[in-house]
Amino acid sequence: MLANFEYQRIRSMEEGCRLLAEAKGSGAVLAGGTDLLVEIRNGLKSPTLLVDCKSLDSLKAFHVDDSGSSIGAAVALNRLIENRSFQTRYPALAKAMASIGTYQLRNRATLAGNICNASPAADSAPMLLVLDATVDIVGIGGPRAVPVRDFFTSVKKTVLKPDEIVAGVRLPERTDLRTAFRKQQRIRGHDLAVVNVAGAYSPSAKWLRLAIGSCAPTPVLLDTIEVDSKDTGAFSQHVLKIVRSSVSPISDVRASAEYRRAVLPVLVERILHELLSAEGGV
Amino acid sequence: MTGDLSYVGKPIARADGVDKVTGAAQYTHDLCLTGMLHTALVLSPHASARIVSIDIEHAKLLPGVRAVLTGKGLCYQLGLYMQDKCILARDVVRYQGEAVVAIAADTLDIAKAACQLVTIKYAELPSVLDPRKALNDDAHLVHPNLHTYDHMQGVFFPTPHSNVAHHQKIRKGDFNRAMEKADAQLTASFYNPPVQHAPMETHASIAQALPGKRVEIWTSSQSPYTVRHLMSTCFELPHANIRVHVPYVGGGFGGKAGLGLEPLAYVLSREAGGRPVKIVATREQEFNTLPSRQGLHSTIEIGTTSAGKITAFKATYVWDAGAYADYGVNIGRAAAYAGAGPYSIDNCWIDSLVVYTNKVFGTAYRGFGHLEVLWGVERAMDLMARKLGMDPVAFREGNLLKEGDTTITGEPFTKGHGNPHQCLQSVADAIGWGTPSDPPAEASKVRGKGVAALHKAPAMPTYTSCAAVIKMDEDGAADILISGVDYGQGTYTVLRQIAAEELRIPIEKTHITWECDTAFSPYDWQTVASRFAYMGGNAVIEAAADCLNQLRAVAGQALDASPEDLVCENEMVFPKGEPDRGIPYPRLTMGYTFENGNSIGGPVIGHGRFIATGLTHLDPETGQGLPAQYWTYGAHGVEIEVDLQTGEIEILNIVSALDAGKVLNPKLCIGQVVGGVIQGLGSALWEEFVFDENGRFLNAGFVDYKIPTAKDIPRHTQQILLENPQPGGPYGARGIAEHPMISVPSAIGNALYDALGIDFTTLPLNYERILTRIREKAERS
Amino acid sequence: MHEIQFTVNGQRERARVPAGMTLLELLRDRLALTGTKEGCGIGECGACTVLLDGNPVASCLILAVEVDGHRIETIEGESGGGELSVLQQAFIEAGAIQCGFCTPGMIMSARGLLSRTPNPSDEEIVEAIAGNLCRCTGYEAIVEAIGIARDRLLEGGAR
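Going line by line, the protein sequences match chains A, B and C.
Each residue of the first sequence is one higher than the one before, counting from 239 in my numbering.
Each residue of the second sequence is one higher than the one before, counting from 226 in my numbering.
Each residue of the third sequence is one higher than the one before, counting from 7 in my numbering.
FYI, nobody ran anything at the bench for these hints, they're computed from the structure.
Treat each hint with caution, since some may be false.
[What the hints assert, rightly or not] Listed below are the simulated BS3-like cross-link pairs for lysine-lysine, each with C-alpha atoms no more than 30 Å apart in a straight line:
1. B:Lys627 - B:Lys612
2. B:Lys936 - A:Lys333
3. A:Lys468 - A:Lys283
4. B:Lys1002 - A:Lys479
5. A:Lys394 - B:Lys337
6. B:Lys310 - B:Lys285
7. A:Lys333 - B:Lys1002
8. B:Lys346 - A:Lys283
9. A:Lys479 - B:Lys285
10. A:Lys298 - A:Lys333
11. A:Lys283 - B:Lys337
12. B:Lys394 - B:Lys297
[As the list claims (entries may be wrong)] To give an idea of the interface, some chain C residues facing chain A are shown, with a C-beta separation under 8 Å as derived from the structure:
13. Asn15
14. Gly16
15. Pro62
Since this is a predicted model, take the numbers as computed values, not measurements.
Just so it is clear, CB atoms sit at the ideal spot from N, CA and C, and this is done for glycine as well.
Let the sequences and hints guide you as you build the complete structure.
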């Protein structure tokens, strides 16, 4: 047995929020379980109640459309990655999700779970930040929508209140945005990110967004950068200067701060090249 | 053996395949006995501390708890070569992760809950984490009572009142003089961190204390008879009172040799009134508590003539044995006598020191010190070649052992040793040595090539032996009883091939029961050291010959012919040239009955054995002697690609050559080589234990201890198996089990110089280290 | 305690389980299906891989209660009670097995792959088994075995 806790499949979001409220902070939402159950096994979390949100059909649904997409909180990552429509519209997000864990874990892990776990290295977070995603949340007080850029507060902490459940993640209307994702690992096999970076470029509006993970207590969305320079070299330097001042990588068992600081600009430059060269990115 | 072989040398599929692909194979993890209890452990949080008090009273009271043990009251010292280990920590803890309290209960959950109720007070002591610092006079002593410990006399030499568990010396010729006269000289230092075997099945043992001072054990082990022997000496029980079963084993790689969790399971069972007790290591405990491969600091000095002939070689090997040095002392010994590489060196001076530190202890690991030592040696060879302005392959060519040379322990090198030159040349040719790599596709990448040689002999006591029994069945089939363990390497299949070949029966009629049982399977020392196919093969050959003698003796009477005139072929015994007068085996294997009813002979049971021959102890001062039953030589050639911006390294091609003597089963042999190369790749590029400044283990799990996945294999691999026969080997075969792993890191380190112009001396060669050196070099220029 | 109903290898099962019991424990300890192994307990090694509604999953990170109403396939069901499947046969032929501890999980991952992608490339095969650690074989023979099985199944082999 992993631990002693109660388990409840919910029949509605309201029921779920009510149960969590009653648990007064010692409840937890179970979606894929690939983070939560590990933390319970290792004694890092000891919830007394697990609320299983996979019983709600609405949370298992996802809708991909040029006018905007919504991904229910209980959708397993592989269902998105393997969906042609999703792959076509969000190839970099699909790439980021495909770098999470193993194939087996991705048959359970969810996008909502990845952001709720709120690791600074969460692989979906940088892409969601540059895509300006919105997190739909339901609590006993009702629903609210939080832009993902306001969602993370600190290492493994979000704005979620103890009674709240993420219903899903919404992506805005599709434009001409080109996106790219890079992740530095220690090995080609499955690994957490030493550094991960996402970029989005609007050729029509001529701006660039970058988000960086694993280099600060939360994933970091840089301020939007105007792309007006024809001199790609100078532009690159300009961007890297902003990047350097936006992050504070630390040394941990996975990598030193120096390595992170060394690799980050490389990933950023590769993304810039992919996004800004004529034939690069989508 | 001349003539066409029917089975030996053929890619016969392993028999255990069916059990394994259906999930029917039972490993110790899977076994369940009536009334079996489950175990949880309380581990030390400190690297070095006095145990002030342990309160187990609340734990004992938890319903379902059947035994709670601490080291107090378990006054046993364990060890095969050096008896320095206790079953549970007693008085002091010597490494973070050491087991301090063990609890057996009706369920694992109850045992774990009971562990939460144990209170332990520690008083931290100084600790020593670096083996070089442990050599200082004022260093904290991990074993202050080292001088009182029993150890294998005449073989191992601990230094009293120090942290030196063993000091192995090689003194051949006159190093100092030769070095003075050398035209070129080199000194270099190298480091290997501790790593773990990471078998997919963690350590697991079940023990039951039976009435009448008997013990029955089921264990995931490479050495049932060593378990039996050490249990016997430790608990002072007759050998026959201890019965050890080894079911399917999910990987060992040396980590499951010797004694592991068995004594603890036994004392828990004793305490629990004889209920069987199972202990299964969690993956975290596999890293943190169970043994590792020792770390190694090497300093190597080489002197050569201007023409590149090595005249002087000196090495100081400081082994990081961790808190207990039982196997460590033998690794220190073995690596010393192999510690100058496969080269002809007239003047050699080696000091191999096995040093205690307050970290998890080391044990046997595939290669037994040779991967660690050859990391330094084979890198140093490249450094020396470069200093001389010589090609690294040519430099090695001029120094590899050949007929007429002697090894550094004074052993003459003969044709029967195999051909290291051919190994090196094969890999050099195969990777296009001398021709630069094709340019990489990306501008940020560079490529390089490297080679490294390797050698190893089985590191085993001079009296190592193996026995086999062949029982023939009513239908003429042969059951082989042997207690070497097939934990994946495939030796049982090879032994069946040999038995079928020798007994002249179809291979489908040879069987080995998968579980070893010391009650029925005859003695084998341990399944380590790449010696099972060799010694087991010879034992089976002798056992088969014994069976045939018995068959011929009885058939001789039946046919009124002399047994020497009878031939065994196609499951029949017949006079030479007269097969139609033949008697089929089934009419002989249970005795022969004449027409009138008289019966002669009886059940045909053959036995055979093999004991290491001609081995001597090594002189304690000079290391001279004959430690090696046979040497196996080899080489790797590797082509790599490095990303200059991220430090990522990829193996484009790795070619491995081994002089196998005779490839008994090509499919199994290739499997060993590929598997060993990939395991070597793990040591080369990713694997290391990370400790904090207090000696606490930081990466005890697969999240932060990375082993190669299917995505990490080289783009291309090639295996070249040479067959220069080994005299005395079954069909001329030598062992090759450990060798594929050895020198993989060395070849890659050499290739990195070729690619980057940077010398790496520390493993692993991970992306961060590579990038750090690339950037340092760029900054300097 | 929770009452659950599920099928394992085509067989209907019921059990009464505590919330904290994992699917791996349910299979091994309650149903004596010990073919599925525990290698790490945290989803990193793949030794516990089974098929849940046809999808390869790490059973050590699924609660038994979560499989109520679902379909599970384990290594014990691979041969369908009779002959070895094409995959099992291919593993033996290709020498893709050494100690065998990773083998059940590998075969389950491979089974999942071939069900969803009948003609996978070598790269797709590698991706499918990347979450199954093997310490013995070095993976090459395993990739080869799955390729052999793919080819035979495409030619019209049975299971």
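Outcome of the hint check:
1. Distance restraint check for Lys627 (chain B) and Lys612 (chain B): the Cα-Cα separation of roughly 24 Å lies within the 30 Å cut-off, and the hinted pair is therefore satisfied.
2. Using a Cα cut-off of 30 Å, the hinted pair Lys936 (chain B) and Lys333 (chain A) holds, with the two alpha carbons roughly 16 Å apart.
3. For the hint linking Lys468 (chain A) to Lys283 (chain A), the alpha-carbon distance of about 51 Å lies beyond 30 Å, and the restraint is violated.
4. Restraint check: the Cα-Cα separation between Lys1002 (chain B) and Lys479 (chain A) comes to about 24 Å, which is no more than 30 Å; the hinted pair holds.
5. For the given pair, Lys394 (chain A) sits about 28 Å from Lys337 (chain B) by alpha-carbon distance, which is consistent with the 30 Å threshold.
6. Restraint check for Lys310 (chain B) and Lys285 (chain B): satisfied, since their Cα atoms lie roughly 26 Å apart, inside the 30 Å limit.
7. Proposed proximity of Lys333 (chain A) and Lys1002 (chain B) is contradicted: the alpha carbons are some 34 Å apart, above 30 Å.
8. For a cut-off of 30 Å, the pair hint linking Lys346 (chain B) to Lys283 (chain A) stands: about 26 Å separates their Cα positions.
9. For the hint linking Lys479 (chain A) to Lys285 (chain B), the alpha-carbon distance of about 62 Å lies beyond 30 Å, and the restraint is violated.
10. As the CA atoms of Lys298 (chain A) and Lys333 (chain A) are separated by approximately 21 Å, the hinted pair is consistent with the 30 Å bound.
11. For the hint pairing Lys283 (chain A) with Lys337 (chain B), the CA-to-CA distance comes to about 17 Å; that is within 30 Å, so the pair holds.
12. Using a Cα cut-off of 30 Å, the hinted pair Lys394 (chain B) and Lys297 (chain B) is violated, with the two alpha carbons roughly 38 Å apart.
13. The beta carbon of Asn15 (chain C) comes no nearer than 19 Å to any beta carbon in chain A, farther than 8 Å, and the hint placing it at the interface is violated.
14. With a cut of 8 Å, the hint placing Gly16 (chain C) at the interface with chain A is violated, because the nearest CB-to-CB distance is about 21 Å.
15. For the restraint placing Pro62 (chain C) at the interface with chain A, the shortest Cβ-Cβ distance is roughly 5 Å, inside the 8 Å limit, so the hint holds.
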